[in-house]
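Kindly generate the complete structure, drawing on both the sequences and the hints.
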Amino acid sequence: MKPAPFEYHAPTDLGEAVRLLAALGEHGRLLAGGQSLMPMLNLRLARPEAIVDLNRITALAYHRLDDETLVIGALCRQREIERDQEVLARCAAIADAIPLIGHIGIRNRGTVVGSLAHADPSAEWPVLAVLLDATLEVEGVAGRRSIAAQDFFKGLFATDLRPGELVVEARFPLPPAGAGSAFIEVARRHGDFALGAAAAVVELAADGSVTAARLALGGFDSVPVRATPDPAAAAADVHPVDDVHAPAGYRRKLAETLARRALHLAEQRARKAGR
Amino acid sequence: MKEVEVRLTVNGRERSARCEPRTTLADFLRGHLGLTGTHLGCEHGVCGACTVLLDGATARSCLMLAVQGQGHEVTTIEGLGTPENPHPLMRAFSEMHGLQCGFCTPGFILSAHEYLRENPRPDRQAMRKDLSGNICRCTGYVKIFAAVERAAELMAEPEAARS
Amino acid sequence: MTWVGQRVARKEDLPLVTGTGTYVPDFNLPGTLEVAFVRSPLAHARILNIDTAEALSAEGVVAIYTGPDIRDQVHALVLDQEAAPPGLETAAPEIHPATIEILADAEVRHVGQAVAAVVADSRYHAEDAAELVRIDYDELRAALDPEQARLPGAPIVFDNVPNNVQARYRIRVGDADAALDGAEHRLAMKIRSQRVMAAPMETRGVLASTVGEETTVWSSTQIPWAVRNSIAGAIGVPQRQIRVQIPHMGGGFGQKVNVYPEEVLVTYISRVLHRPVRWVEDRVENMIASGHARDQLHNVEAAFDSEGHITAIRDRFVLDSGVACPYPLSSAYNVASHFRSMYRIANFSIDAECVLTHKMFNLPYRGAGRPEAAFVMDRVINAVAQELSLDPAEVIMRNLIADEEQPYRMGMPYRDGHEVVYDASGFPAAFERLLELIGYAEHRRTQAQLRAQGVHRGIGLGTYVEGTGVGPFESGQVHVDAQGHVVVYSGCAPHGQGLDTTMSQVVADAFGITPEEVVFRAGDTALLPYGVGTFASRSVVTAGAAIIESSNRLLKRIKAIAGEMLEMAPEDLEVGAGRVRVRGVPSRGVSFKEVYRAASPGPGARLPEGMDPGTSESFYWVPPTVTWGFGVVGAVVDVDPETGVVDVRKVVMLHDCGRVINPLIVEGQIEGGLVQGIGATLYEHVIYDESGQPRATTFLDYLLPTSAEVPEIVQEHLEGTPSERNPLGVKGVGESGPISPPAAIANAIIDALSPLKIQLNELPLSPATVVAAIERAGAEGPLHPTGVKIGFPASNQSGGFLR
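Top line first, the protein sequences correspond to chains S, F and U.
Under this note's numbering, think of the first position of the first sequence as 1123, with each following residue one higher.
Under this note's numbering, think of the first position of the second sequence as -13, with each following residue one higher.
Under this note's numbering, think of the first position of the third sequence as 132, with each following residue one higher.
Since the hints were derived computationally from the structure, they do not count as laboratory data.
This one's a predicted model, so the numbers in the text were calculated from it and none came from an experiment.
Here a beta-carbon is modelled for each residue, glycine too, at the ideal position from N, C-alpha and C.
Listed next, the in silico SDA-like pairs over lysine to any residue satisfying Cα-Cα at most 20 Å (straight line):
id : chain 1 : residue 1 : chain 2 : residue 2
1  : F       : K(-12)    : S       : P1127
2  : S       : K1276     : S       : G1286
3  : F       : K(-12)    : S       : R1151
4  : U       : K321      : U       : R281
5  : F       : K115      : U       : I844
6  : U       : K142      : F       : R77
7  : F       : K(-12)    : F       : Q56
8  : F       : K115      : S       : F1315
9  : U       : K781      : U       : I844
10 : F       : K115      : S       : R1311
11 : U       : K888      : U       : G585
12 : F       : K115      : S       : R1205
Incomplete in silico selection of chain U near chain S, CB under 8 Å:
id : residue
13 : Y255
14 : V776
15 : A827
16 : D832
17 : A899
Ranges of calculated distance between the beta carbons of each label pair, as one might list FRET restraints:
id : chain 1 : residue 1 : chain 2 : residue 2 : range
18 : U       : G585      : F       : A112      : 21 to 29 Å
19 : S       : R1311     : F       : H18       : 29 to 37 Å
20 : F       : A142      : U       : T577      : 33 to 41 Å
21 : U       : D522      : F       : R107      : 42 to 50 Å
22 : F       : A142      : U       : T153      : 32 to 40 Å
23 : U       : E344      : F       : A142      : 53 to 61 Å
24 : U       : T153      : F       : R103      : 26 to 34 Å
25 : U       : A309      : F       : A112      : 55 to 63 Å
26 : S       : R1311     : F       : G20       : 33 to 41 Å
27 : U       : E702      : F       : R107      : 54 to 62 Å
In structure tokens:
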């Protein structure tokens, strides 16, 4: 189980990476944390003619809080967010989700942006992106553009990226202070891709009534879905299919259960925050 | 296929060798540098047997290219201790019977090393999840937990003696 | 100092913990060529054409072999090692030998079958070239469902196996038919143990190096002698030209208890090319081209009275062999001989068939038929309790064999041909202790209250017996060398079991030295003329007996020689600290080294009259029959009825393995076995789709338990019965862990949801399976009438939501 041959490029600045990707077109693949691409290379399920390795572009290895927005550069490892207590304190959904992603050795290498660009509908970061209305900053030879998360995911492992483009930054607007958020999932084992996941944000008025709610579901459809934030209606927004781990019928019911629980937990947290 | 020169620091020593760019770090360590303590259990990033420390943090060496190691510091099991001078984790794994066939053990010890660095006072419930990236088929993990706890004691001993 | 019974840390650990062990992939012989296989992508097809031209010209390629290339040089393996022994006639066994081709010749019979071997200077180059081998197939209809495959008109897997029924047997004890006809109560269940695999962390691997006529083969195998004999036979060379050695080995669990085509072919290629040649199986190959296991579908009926006494069992089961079931007695007959476990069931009838299909072959895996049998039996007991609304613990207790009935005769032969007679007792006491340890009475008191709080907690129970230490024989040799070291050669070689340390403890006691001073060597066909191997919970029993008998003979010999040297009667001598000493005068004696010199042939020899030279004794242990270990297991689970997620909180196991030589190692065997059992219960499944394609080919789909899935494990060694069937008084323990978790966990889930009376008869118990069982039990089930909808109280209390 060894990768097929490829050309290897390790640009040290973004401009060079963009030029390389444009020149290579569909023959090139971007390598960041490698936790998804490398297994596919080893299994020869992916066989690009060339690899463009982002790991030398150290300028992309950052994350910061810009007021209410968590800004994550393309080379920021998931473990760095996991270690940022301020981020975790500001958004319980993120704090809930990260420990569910693979294992520590995976999170040490895997990047947040790489997970988004890989677009596995069961992965945690895409669900968070859809929940939090993240935007993805994309760069290509034609210049830079922003894509809303809900427009970015186009299908199973498919995104709105055009040939030669790469995501350079993801911007996650965090829930307002006082809101509650939550991320829950059911997986066969700890660290596995979820059979289904739900994430929610709930905001309350001073009198305790719910003023706003958001819900995202992952693993139930070919893309993470922003669903109706109502347990009774949410499951109607997804279209699960059978796979070796669970049949579609199970997943439909699971969508309803997890939607309810995520909303409930987010609401509880909002109430606690308001006290 | 064209080969490239790869230079990196392995177990504190500058090492270099030529390899194809597609060569994984695991195969480079094992084949080119002769460090066969890094084992390959699945080559798709699940089992953790090939775990090494990259600049001090655990990484699956089957999911990295050797060329990506250029300029970085890699620690393998051979760098943590030797038969003449075994690391406390190595002693503790043996003492507590934290291994049977031994195939997962080098990777497990490196993950445990990172865990203890961040959690010098191990907690069994947290450990269950924090060490879940290494699969052991023999022990059922119970004695691995005990070994990590024992290693924490052994590693704390010199400090206690100093204070 | 007595070493037997001590928690001695293993002496074999240092290379393993420091990364300086030598597994097959770790050898670095100059000029080693690496092999990659081209494997069948189809379940069943005729091979029309193989074109290797382009592949042969690829970088680094040295040679390529196909089935037709080797047709006249290498014979297929015909595995008939489990012919029925005398004594098994009452089971009316019919067994066809299993055929395993080295490379597919004209037809492929499962996805993953080796079709061509590419030999190159590196595995990278071998894989590159393997992609360039062009093979044209004519796809044929595949036999995939064993129940269909045995019917007329199904595709035939091998012509020598009519109706694809490779093996069958039947057992009749008492009259189950009559008992069922006249029964007060009866039930019928369909129970499936799914196809799983051992998945050792080290895959298979083989390295062959040829010097002159002799080839040394380092293989990750559990049976070196059988591998040597098969290789020599398949490639037609004298056995003495093949030496098989086991280096460090990363687990086996039964998957490496077979001779595989790759071992034969790699040896053959090394002899043709006169180069070291290696093949290291990758994980995908291991999933599709190394033995699978279990895969049994049982149709069982039980007769019982109103008190829950089971009066008869009638079972008919089919084992899905895949393309072969090389060990039908272990994989299938073990089911019959372990079925009734610790229970008194007078009438028993079982009919078994091993049916060929176009899947990977089916090998014994840790437990070998016992986990399947225990799952059926303890599900039946649980269903009887459910049917009669009795507590399952009470029903188990009522059926346990009492001490005064021991030694209990099961009225049927074991697979070695000898009658099954338990050499154990204390079943009821063990079971009562389990209930006490697991807090069963407390659980019954608090279960309803917990349920009202939304915690669905259950306890499930299981029992097992295990025939251990099966023959036909095992070899041992003990030797004092020129330096005075005590050297032990064993026919059983460990691959994680700690046999080095365990046997060294035994020998250390015999010779009055420390285990560290004993040199243990195993897993090398050059060491001993005969040997069997490590599997079936047999090593400590069989090799242990051979080694202690050899030790006793050697002690007698060296005392006689020392007596000659010291001019003392041997019975006035004792051994200690590497010397033979005069009893009561420890300063007077001779060292082992001096005894060796005195025993050496030649003019300096000082041997008693008539004694041959040498300080070496061998013994071949032929067990009278197996010795019976037993145990009881309880699982505590919490179930989320909405998601079907099962949280195994605790597993308690009590077991009797006779005399314990090293408690640390025994505990490790139990823990590891239990967790494998948890894996097979909840996570692991080798799935083939309707076209015969395997759907779990990586560790992303074949789910092994991680540390996060491990519950609290409590175990207790029973003050058991030392076996009288071997000189050490031991019973095997290696396989006992995985036997009972499937039944115990399934029964625990059922208990957690007891008002629903659900059935869980098919493994693995994935969340979807549990939810489906709940739904089958009916939406009007008894969890509802109380007004509590299935689910956590939180479910209906998020009332503030979007008001």
